[in-house]
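Could you put the whole structure together from the sequences, leaning on the hints where they help?
For the sequence shown, this note's numbering begins at 1 and goes up steadily by one.
Because the hints were derived from the structure by calculation, they are not lab data. One or more hints might be untrue.
[What the hints assert, rightly or not] Straight-line alpha carbon distances no greater than 16 Å define the calculated EDC-like cross-link-like pairs of lysine to aspartate or glutamate that follow:
#, residue 1, residue 2
1, LYS163, GLU191
2, LYS177, GLU198
3, LYS317, ASP379
4, LYS286, GLU302
5, LYS400, ASP159
6, LYS400, ASP379
7, LYS346, ASP369
8, LYS177, ASP159
9, LYS317, GLU268
10, LYS400, ASP164
11, LYS316, GLU329
12, LYS344, ASP379
13, LYS269, GLU329
14, LYS110, ASP164
15, LYS346, ASP379
16, LYS400, ASP141
17, LYS343, ASP379
18, LYS158, GLU170
19, LYS344, ASP369
20, LYS376, GLU170
21, LYS346, ASP377
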Amino acid sequence: MTPNPRQRRSRNIFASNMAANGVVCSSKKKIQNGKLILKEVNGKQNVFSEQAKNAQLLETKSSNGRPPKKPDRSKESFEEVPLYTAVMTYLGFYLLMFLGYINQLFFTPKVAMERNRDGYVPLFDRFESFYLRYVYRRVRDCWNQPICGVPGAEVILKDRITKDYGWTFEYTGTYTKCLNLGSYNYLGFAEATGPCAEAAAEAIKTYGCAMCSPVQELGTHPLVLELERTTARFVGTEDAIVFGMGFATNALNLPSLVSPGCLVLSDEKNHASLILGLRLSGATIKVFRHNNVSSLEKLLREAVVYGQPRTRRPWKKILIVVEGVYSMEGSVVRLPDIIRLKKKYKAYLYLDEAHSIGAMGENGRGVLDYHGCDPKDVDILMGTFTKSFASAGGYIAGSKVC
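Pasting the structure below:
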(Lines of atoms letter the chains of each structure in order from A; the text may use other names.)
(Lines give C-alpha, C1' and ligand atoms only; values in the text may rest on other atoms or scores of the structure.)
Protein backbone atom coordinates (compact mmCIF):
# COMPACT_ATOMS: atom_id res chain seq x y z
CA MET A 1 0.00 0.00 0.00
CA THR A 2 1.46 3.38 -1.04
CA PRO A 3 1.64 5.85 1.87
CA ASN A 4 -0.19 9.13 1.58
CA PRO A 5 2.43 11.77 0.58
CA ARG A 6 0.38 14.55 2.12
CA GLN A 7 0.41 12.92 5.55
CA ARG A 8 4.16 12.31 5.30
CA ARG A 9 4.68 15.93 4.27
CA SER A 10 2.68 17.18 7.26
CA ARG A 11 4.77 15.15 9.67
CA ASN A 12 7.99 16.34 8.02
CA ILE A 13 6.89 19.96 8.23
CA PHE A 14 6.09 19.60 11.92
CA ALA A 15 9.47 17.92 12.53
CA SER A 16 11.32 20.64 10.60
CA ASN A 17 9.53 23.36 12.57
CA MET A 18 10.57 21.68 15.81
CA ALA A 19 14.15 21.29 14.59
CA ALA A 20 14.27 24.94 13.60
CA ASN A 21 13.40 25.83 17.19
CA GLY A 22 16.22 23.65 18.50
CA VAL A 23 13.97 20.78 19.60
CA VAL A 24 14.54 17.15 18.67
CA CYS A 25 11.49 14.86 18.53
CA SER A 26 12.06 11.84 20.71
CA SER A 27 9.97 8.89 21.76
CA LYS A 28 10.92 9.72 25.33
CA LYS A 29 8.53 12.35 26.54
CA LYS A 30 7.27 13.32 29.92
CA ILE A 31 4.01 14.92 30.98
CA GLN A 32 4.00 17.12 34.06
CA ASN A 33 0.83 18.96 35.17
CA GLY A 34 -0.70 18.65 31.73
CA LYS A 35 2.50 19.93 30.02
CA LEU A 36 4.40 18.01 27.39
CA ILE A 37 8.20 18.22 27.93
CA LEU A 38 10.48 17.52 24.96
CA LYS A 39 14.28 17.26 25.11
CA GLU A 40 16.32 19.98 23.48
CA VAL A 41 19.66 19.65 21.68
CA ASN A 42 21.60 21.53 24.34
CA GLY A 43 20.03 19.45 27.11
CA LYS A 44 17.55 22.10 28.20
CA GLN A 45 13.87 21.39 28.44
CA ASN A 46 11.32 22.96 26.13
CA VAL A 47 7.79 22.94 27.47
CA PHE A 48 4.72 22.83 25.27
CA SER A 49 1.19 22.46 26.50
CA GLU A 50 -0.87 19.76 24.87
CA GLN A 51 -3.13 22.46 23.46
CA ALA A 52 -0.22 24.23 21.78
CA LYS A 53 1.02 20.96 20.34
CA ASN A 54 -2.40 20.14 18.93
CA ALA A 55 -2.72 23.64 17.50
CA GLN A 56 0.65 23.33 15.76
CA LEU A 57 -0.36 19.97 14.33
CA LEU A 58 -3.59 21.46 13.00
CA GLU A 59 -1.77 24.39 11.42
CA THR A 60 0.44 22.27 9.19
CA LYS A 61 0.59 23.64 5.70
CA SER A 62 -1.19 22.04 2.80
CA SER A 63 0.44 21.04 -0.48
CA ASN A 64 0.18 24.59 -1.87
CA GLY A 65 2.15 26.02 1.06
CA ARG A 66 -0.88 27.70 2.69
CA PRO A 67 -2.68 26.71 5.90
CA PRO A 68 -6.00 24.94 5.34
CA LYS A 69 -9.05 27.18 5.29
CA LYS A 70 -11.53 27.02 8.12
CA PRO A 71 -15.18 26.53 7.16
CA ASP A 72 -17.16 29.76 6.85
CA ARG A 73 -20.09 29.19 9.18
CA SER A 74 -21.63 32.59 8.42
CA LYS A 75 -22.91 31.21 5.12
CA GLU A 76 -25.28 28.34 4.62
CA SER A 77 -26.02 26.20 1.62
CA PHE A 78 -29.07 24.19 0.71
CA GLU A 79 -29.54 21.35 -1.70
CA GLU A 80 -31.76 22.70 -4.46
CA VAL A 81 -34.94 20.78 -5.20
CA PRO A 82 -34.89 19.38 -8.76
CA LEU A 83 -37.29 21.18 -11.07
CA TYR A 84 -39.11 17.96 -11.96
CA THR A 85 -39.71 17.13 -8.29
CA ALA A 86 -40.98 20.64 -7.52
CA VAL A 87 -43.32 20.70 -10.53
CA MET A 88 -44.80 17.27 -9.78
CA THR A 89 -45.31 18.17 -6.10
CA TYR A 90 -47.16 21.38 -6.94
CA LEU A 91 -49.23 19.62 -9.58
CA GLY A 92 -50.22 16.96 -7.06
CA PHE A 93 -51.43 19.55 -4.56
CA TYR A 94 -53.25 21.58 -7.21
CA LEU A 95 -54.98 18.42 -8.42
CA LEU A 96 -56.10 17.59 -4.88
CA MET A 97 -57.43 21.13 -4.45
CA PHE A 98 -59.30 20.99 -7.77
CA LEU A 99 -60.93 17.67 -6.88
CA GLY A 100 -61.75 19.03 -3.43
CA TYR A 101 -63.61 22.03 -4.84
CA ILE A 102 -65.56 19.72 -7.16
CA ASN A 103 -66.40 17.46 -4.22
CA GLN A 104 -67.48 20.42 -2.08
CA LEU A 105 -69.67 21.75 -4.90
CA PHE A 106 -71.65 18.58 -5.66
CA PHE A 107 -71.60 16.55 -2.42
CA THR A 108 -72.64 17.21 1.16
CA PRO A 109 -69.64 17.50 3.53
CA LYS A 110 -69.22 14.54 5.87
CA VAL A 111 -68.08 16.68 8.79
CA ALA A 112 -69.95 18.96 11.15
CA MET A 113 -70.52 22.50 9.95
CA GLU A 114 -70.67 25.62 12.09
CA ARG A 115 -74.23 26.85 12.58
CA ASN A 116 -75.82 29.68 14.56
CA ARG A 117 -72.45 31.35 15.00
CA ASP A 118 -73.54 34.94 14.43
CA GLY A 119 -71.30 37.28 16.40
CA TYR A 120 -68.65 34.61 17.04
CA VAL A 121 -65.24 34.43 15.47
CA PRO A 122 -65.12 31.41 13.10
CA LEU A 123 -63.00 28.49 14.27
CA PHE A 124 -61.37 28.19 10.83
CA ASP A 125 -61.05 30.55 7.92
CA ARG A 126 -62.62 29.37 4.67
CA PHE A 127 -59.47 28.09 2.98
CA GLU A 128 -58.11 26.42 6.12
CA SER A 129 -61.37 24.55 6.61
CA PHE A 130 -61.37 23.44 2.97
CA TYR A 131 -57.70 22.42 3.04
CA LEU A 132 -58.04 20.26 6.17
CA ARG A 133 -61.13 18.44 4.89
CA TYR A 134 -60.35 17.89 1.23
CA VAL A 135 -56.56 18.08 0.81
CA TYR A 136 -54.72 17.24 4.03
CA ARG A 137 -57.19 14.46 4.90
CA ARG A 138 -56.24 12.48 1.80
CA VAL A 139 -52.51 12.58 2.50
CA ARG A 140 -52.36 12.88 6.29
CA ASP A 141 -51.20 9.28 6.68
CA CYS A 142 -47.84 10.45 5.29
CA TRP A 143 -47.26 12.44 8.49
CA ASN A 144 -49.92 11.41 10.98
CA GLN A 145 -49.12 7.85 12.03
CA PRO A 146 -49.46 6.31 15.52
CA ILE A 147 -46.22 5.11 17.12
CA CYS A 148 -45.40 2.70 19.93
CA GLY A 149 -42.76 3.52 22.52
CA VAL A 150 -40.36 6.42 22.85
CA PRO A 151 -38.84 8.21 19.81
CA GLY A 152 -35.33 6.78 19.89
CA ALA A 153 -33.06 5.92 16.98
CA GLU A 154 -35.73 3.45 15.90
CA VAL A 155 -39.48 3.84 16.14
CA ILE A 156 -42.27 1.26 15.82
CA LEU A 157 -45.36 2.26 13.82
CA LYS A 158 -48.80 0.71 14.17
CA ASP A 159 -49.95 -0.32 10.71
CA ARG A 160 -53.41 0.80 9.61
CA ILE A 161 -55.44 1.04 6.42
CA THR A 162 -58.21 3.31 5.16
CA LYS A 163 -61.04 2.41 2.81
CA ASP A 164 -62.60 5.86 2.53
CA TYR A 165 -59.65 8.11 1.61
CA GLY A 166 -58.61 9.05 5.13
CA TRP A 167 -61.97 9.58 6.83
CA THR A 168 -61.55 6.49 9.03
CA PHE A 169 -58.75 3.98 9.70
CA GLU A 170 -58.59 0.33 10.68
CA TYR A 171 -55.65 -1.21 12.52
CA THR A 172 -54.24 -4.36 10.95
CA GLY A 173 -52.63 -5.68 14.12
CA THR A 174 -49.13 -5.54 12.63
CA TYR A 175 -46.19 -3.25 13.36
CA THR A 176 -43.34 -1.78 11.32
CA LYS A 177 -39.92 -0.88 12.75
CA CYS A 178 -38.44 2.22 11.08
CA LEU A 179 -35.43 4.48 11.41
CA ASN A 180 -36.42 7.69 13.17
CA LEU A 181 -35.16 10.73 11.25
CA GLY A 182 -37.69 13.26 12.53
CA SER A 183 -37.38 13.25 16.32
CA TYR A 184 -36.51 16.13 18.63
CA ASN A 185 -34.73 13.61 20.85
CA TYR A 186 -31.40 14.91 19.56
CA LEU A 187 -29.13 13.34 22.20
CA GLY A 188 -31.17 10.21 22.87
CA PHE A 189 -31.92 11.13 26.49
CA ALA A 190 -35.63 10.30 26.08
CA GLU A 191 -35.84 6.60 26.81
CA ALA A 192 -38.16 4.04 28.35
CA THR A 193 -35.37 2.48 30.40
CA GLY A 194 -31.91 3.66 31.34
CA PRO A 195 -30.18 6.23 33.54
CA CYS A 196 -32.36 9.20 32.50
CA ALA A 197 -35.65 7.38 33.06
CA GLU A 198 -34.46 5.91 36.35
CA ALA A 199 -33.23 9.30 37.61
CA ALA A 200 -36.55 10.93 36.71
CA ALA A 201 -38.54 8.22 38.50
CA GLU A 202 -36.32 8.48 41.58
CA ALA A 203 -36.66 12.28 41.67
CA ILE A 204 -40.46 12.06 41.52
CA LYS A 205 -40.45 9.44 44.26
CA THR A 206 -38.19 11.56 46.48
CA TYR A 207 -39.43 15.11 45.84
CA GLY A 208 -42.87 14.63 44.33
CA CYS A 209 -44.25 16.57 41.37
CA ALA A 210 -43.96 20.30 40.80
CA MET A 211 -45.91 22.94 42.72
CA CYS A 212 -48.52 23.16 39.92
CA SER A 213 -48.96 26.80 40.84
CA PRO A 214 -47.42 30.19 40.09
CA VAL A 215 -44.42 31.11 42.21
CA GLN A 216 -46.31 34.05 43.78
CA GLU A 217 -48.92 31.71 45.28
CA LEU A 218 -47.16 28.58 46.54
CA GLY A 219 -43.52 29.51 46.09
CA THR A 220 -40.92 27.43 44.31
CA HIS A 221 -38.85 24.31 44.88
CA PRO A 222 -35.13 24.11 45.78
CA LEU A 223 -34.58 21.87 42.75
CA VAL A 224 -36.06 24.55 40.49
CA LEU A 225 -33.65 27.13 41.90
CA GLU A 226 -30.78 24.72 41.38
CA LEU A 227 -31.95 24.13 37.80
CA GLU A 228 -31.96 27.88 37.14
CA ARG A 229 -28.42 28.26 38.46
CA THR A 230 -27.25 25.26 36.44
CA THR A 231 -28.90 26.60 33.29
CA ALA A 232 -27.29 30.03 33.69
CA ARG A 233 -23.89 28.45 34.28
CA PHE A 234 -24.26 26.18 31.25
CA VAL A 235 -25.26 28.89 28.76
CA GLY A 236 -22.77 31.40 30.21
CA THR A 237 -25.13 34.07 31.55
CA GLU A 238 -25.56 35.82 34.88
CA ASP A 239 -28.93 34.29 35.73
CA ALA A 240 -31.84 32.30 34.30
CA ILE A 241 -35.50 31.61 35.01
CA VAL A 242 -37.32 28.42 34.03
CA PHE A 243 -40.93 27.84 32.99
CA GLY A 244 -43.16 24.81 32.74
CA MET A 245 -43.89 25.06 29.01
CA GLY A 246 -41.61 25.90 26.10
CA PHE A 247 -44.31 27.49 23.93
CA ALA A 248 -45.48 29.68 26.81
CA THR A 249 -41.90 30.75 27.52
CA ASN A 250 -42.02 32.76 24.31
CA ALA A 251 -45.70 33.59 24.10
CA LEU A 252 -46.12 34.88 27.67
CA ASN A 253 -42.75 36.55 28.26
CA LEU A 254 -42.25 38.57 25.10
CA PRO A 255 -45.10 40.95 26.11
CA SER A 256 -43.08 41.81 29.23
CA LEU A 257 -40.06 42.77 27.13
CA VAL A 258 -41.69 44.99 24.51
CA SER A 259 -44.83 47.14 24.52
CA PRO A 260 -46.55 49.78 22.37
CA GLY A 261 -43.94 52.26 21.20
CA CYS A 262 -41.35 49.52 20.69
CA LEU A 263 -40.26 48.05 17.37
CA VAL A 264 -39.68 44.35 16.81
CA LEU A 265 -37.75 43.06 13.79
CA SER A 266 -38.72 39.42 13.33
CA ASP A 267 -37.39 36.80 10.93
CA GLU A 268 -40.10 35.66 8.53
CA LYS A 269 -39.55 32.00 9.52
CA ASN A 270 -39.85 32.49 13.27
CA HIS A 271 -41.84 29.96 15.29
CA ALA A 272 -45.55 30.41 16.05
CA SER A 273 -44.82 30.91 19.76
CA LEU A 274 -42.66 33.94 18.95
CA ILE A 275 -45.27 35.35 16.60
CA LEU A 276 -48.04 34.95 19.18
CA GLY A 277 -45.98 36.60 21.91
CA LEU A 278 -45.12 39.55 19.68
CA ARG A 279 -48.75 40.04 18.69
CA LEU A 280 -49.82 40.02 22.34
CA SER A 281 -47.19 42.63 23.20
CA GLY A 282 -48.79 45.42 21.17
CA ALA A 283 -45.42 46.44 19.75
CA THR A 284 -44.93 47.36 16.11
CA ILE A 285 -43.70 44.33 14.17
CA LYS A 286 -41.70 44.39 10.96
CA VAL A 287 -40.59 41.20 9.23
CA PHE A 288 -37.27 40.80 7.43
CA ARG A 289 -36.39 38.12 4.89
CA HIS A 290 -35.24 34.81 6.30
CA ASN A 291 -31.63 34.95 7.51
CA ASN A 292 -31.04 37.97 5.28
CA VAL A 293 -28.67 40.41 6.93
CA SER A 294 -29.14 43.08 4.24
CA SER A 295 -32.91 43.06 4.73
CA LEU A 296 -32.46 43.38 8.50
CA GLU A 297 -30.00 46.25 8.21
CA LYS A 298 -32.34 48.13 5.88
CA LEU A 299 -35.14 47.95 8.45
CA LEU A 300 -32.76 48.94 11.26
CA ARG A 301 -31.53 51.96 9.32
CA GLU A 302 -35.08 53.10 8.54
CA ALA A 303 -36.09 52.65 12.18
CA VAL A 304 -33.23 54.81 13.41
CA VAL A 305 -33.64 57.51 10.75
CA TYR A 306 -37.44 57.86 10.63
CA GLY A 307 -38.51 56.72 14.10
CA GLN A 308 -42.16 56.03 14.86
CA PRO A 309 -44.84 56.64 12.23
CA ARG A 310 -46.59 60.04 12.29
CA THR A 311 -44.81 61.37 15.41
CA ARG A 312 -41.27 60.56 14.19
CA ARG A 313 -40.23 60.08 17.78
CA PRO A 314 -37.47 57.56 18.45
CA TRP A 315 -38.59 54.04 19.24
CA LYS A 316 -38.57 53.18 22.94
CA LYS A 317 -36.77 49.95 22.13
CA ILE A 318 -35.74 48.02 19.02
CA LEU A 319 -35.72 44.25 19.49
CA ILE A 320 -34.37 41.72 16.97
CA VAL A 321 -35.98 38.29 17.32
CA VAL A 322 -34.34 35.27 15.67
CA GLU A 323 -33.97 31.53 16.20
CA GLY A 324 -30.73 29.59 16.51
CA VAL A 325 -31.85 26.73 14.30
CA TYR A 326 -35.14 27.27 12.49
CA SER A 327 -37.42 24.33 13.19
CA MET A 328 -39.02 24.00 9.75
CA GLU A 329 -36.10 24.96 7.49
CA GLY A 330 -33.19 23.59 9.52
CA SER A 331 -31.17 26.71 8.69
CA VAL A 332 -28.67 28.17 11.17
CA VAL A 333 -28.87 31.83 12.10
CA ARG A 334 -26.07 34.10 10.90
CA LEU A 335 -25.39 35.18 14.45
CA PRO A 336 -22.06 37.04 14.08
CA ASP A 337 -23.55 39.35 11.44
CA ILE A 338 -26.69 39.96 13.50
CA ILE A 339 -24.65 40.76 16.61
CA ARG A 340 -22.62 43.23 14.54
CA LEU A 341 -25.82 44.98 13.40
CA LYS A 342 -27.26 44.91 16.90
CA LYS A 343 -24.21 46.74 18.25
CA LYS A 344 -24.07 49.15 15.33
CA TYR A 345 -27.68 50.31 15.66
CA LYS A 346 -27.98 49.97 19.48
CA ALA A 347 -30.73 47.34 19.33
CA TYR A 348 -31.56 44.41 21.59
CA LEU A 349 -31.32 40.76 20.55
CA TYR A 350 -33.65 37.89 21.51
CA LEU A 351 -32.31 34.47 20.51
CA ASP A 352 -34.54 31.38 20.58
CA GLU A 353 -32.28 28.32 20.98
CA ALA A 354 -35.03 25.71 21.32
CA HIS A 355 -33.58 23.52 18.56
CA SER A 356 -29.90 24.38 18.97
CA ILE A 357 -29.15 24.19 22.69
CA GLY A 358 -27.53 20.87 23.50
CA ALA A 359 -27.17 19.92 19.84
CA MET A 360 -24.90 22.64 18.37
CA GLY A 361 -21.36 23.68 19.14
CA GLU A 362 -18.32 21.86 20.47
CA ASN A 363 -19.69 21.95 24.02
CA GLY A 364 -23.38 21.69 23.16
CA ARG A 365 -24.10 25.28 24.16
CA GLY A 366 -26.04 26.15 21.01
CA VAL A 367 -25.30 28.50 18.14
CA LEU A 368 -23.31 30.81 20.40
CA ASP A 369 -20.88 27.95 20.90
CA TYR A 370 -21.14 26.97 17.23
CA HIS A 371 -20.17 30.45 16.00
CA GLY A 372 -17.80 31.18 18.88
CA CYS A 373 -19.76 34.24 20.05
CA ASP A 374 -19.81 35.76 23.52
CA PRO A 375 -23.07 35.11 25.45
CA LYS A 376 -22.89 38.70 26.73
CA ASP A 377 -23.51 39.91 23.18
CA VAL A 378 -27.04 38.44 23.26
CA ASP A 379 -29.45 40.22 25.58
CA ILE A 380 -32.04 37.44 25.98
CA LEU A 381 -31.29 33.74 25.50
CA MET A 382 -34.32 31.47 25.30
CA GLY A 383 -34.34 27.69 25.09
CA THR A 384 -36.36 24.61 25.92
CA PHE A 385 -35.73 21.39 27.80
CA THR A 386 -38.04 19.37 25.55
CA LYS A 387 -35.59 18.72 22.71
CA SER A 388 -32.01 17.81 23.59
CA PHE A 389 -32.65 17.43 27.32
CA ALA A 390 -35.69 15.10 27.05
CA SER A 391 -37.69 16.95 29.67
CA ALA A 392 -40.34 19.69 29.68
CA GLY A 393 -40.45 23.45 29.96
CA GLY A 394 -38.21 26.27 28.85
CA TYR A 395 -35.87 28.95 30.16
CA ILE A 396 -34.89 32.56 29.63
CA ALA A 397 -31.32 33.55 30.48
CA GLY A 398 -29.41 36.80 30.49
CA SER A 399 -28.05 39.49 32.77
CA LYS A 400 -29.94 40.52 35.89
CA VAL A 401 -30.03 44.15 34.73
CA CYS A 402 -30.66 45.16 31.10
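LYS269 and GLU329 were given as a pair; does the straight-line alpha-carbon distance stay at or below 16 Å? 8 Å, holds
Given the hinted pair LYS346 and ASP377, is their Cα-Cα distance within 16 Å? 12 Å, holds
Checking one constraint from the list: CA of LYS400 to CA of ASP159, max 16 Å. Satisfied? The given pair, whose Cα atoms are some 52 Å apart, is violated under the 16 Å limit.
CA of LYS317 to CA of ASP379, is that 16 Å or under? Holds: LYS317 and ASP379 sit about 13 Å apart, inside 16 Å.
Next pair to validate is LYS286 with GLU302; report whether the Cα-Cα distance is within 16 Å. This hinted pair holds, its Cα atoms lying about 11 Å apart.
Under the criterion that the straight-line Cα-Cα distance not exceed 16 Å, is the pair LYS376, GLU170 satisfied? 55 Å, violated
Is LYS317 within 16 Å of GLU268, Cα to Cα? 20 Å, violated
Pair hint LYS400 and ASP141, alpha-carbon separation not exceeding 16 Å: Cα-Cα ~48 Å, so violated.
CA of LYS400 to CA of ASP164, is that 16 Å or under? Distance of about 58 Å is beyond 16 Å: violated.
Is LYS400 within 16 Å of ASP379, Cα to Cα? Distance ~10 Å between LYS400 and ASP379 Cα, so the pair holds.
Just to be careful, I want the Cα atoms of LYS344 and ASP369 compared with a cutoff of 16 Å; is the pair within it? 22 Å, violated
Holds or violated: are the alpha carbons of LYS163 and GLU191 at most 16 Å from each other? 35 Å, violated
In this structure, the hints that do not hold are numbers 1, 2, 5, 7, 9, 10, 11, 16, 19, 20, in rising order.
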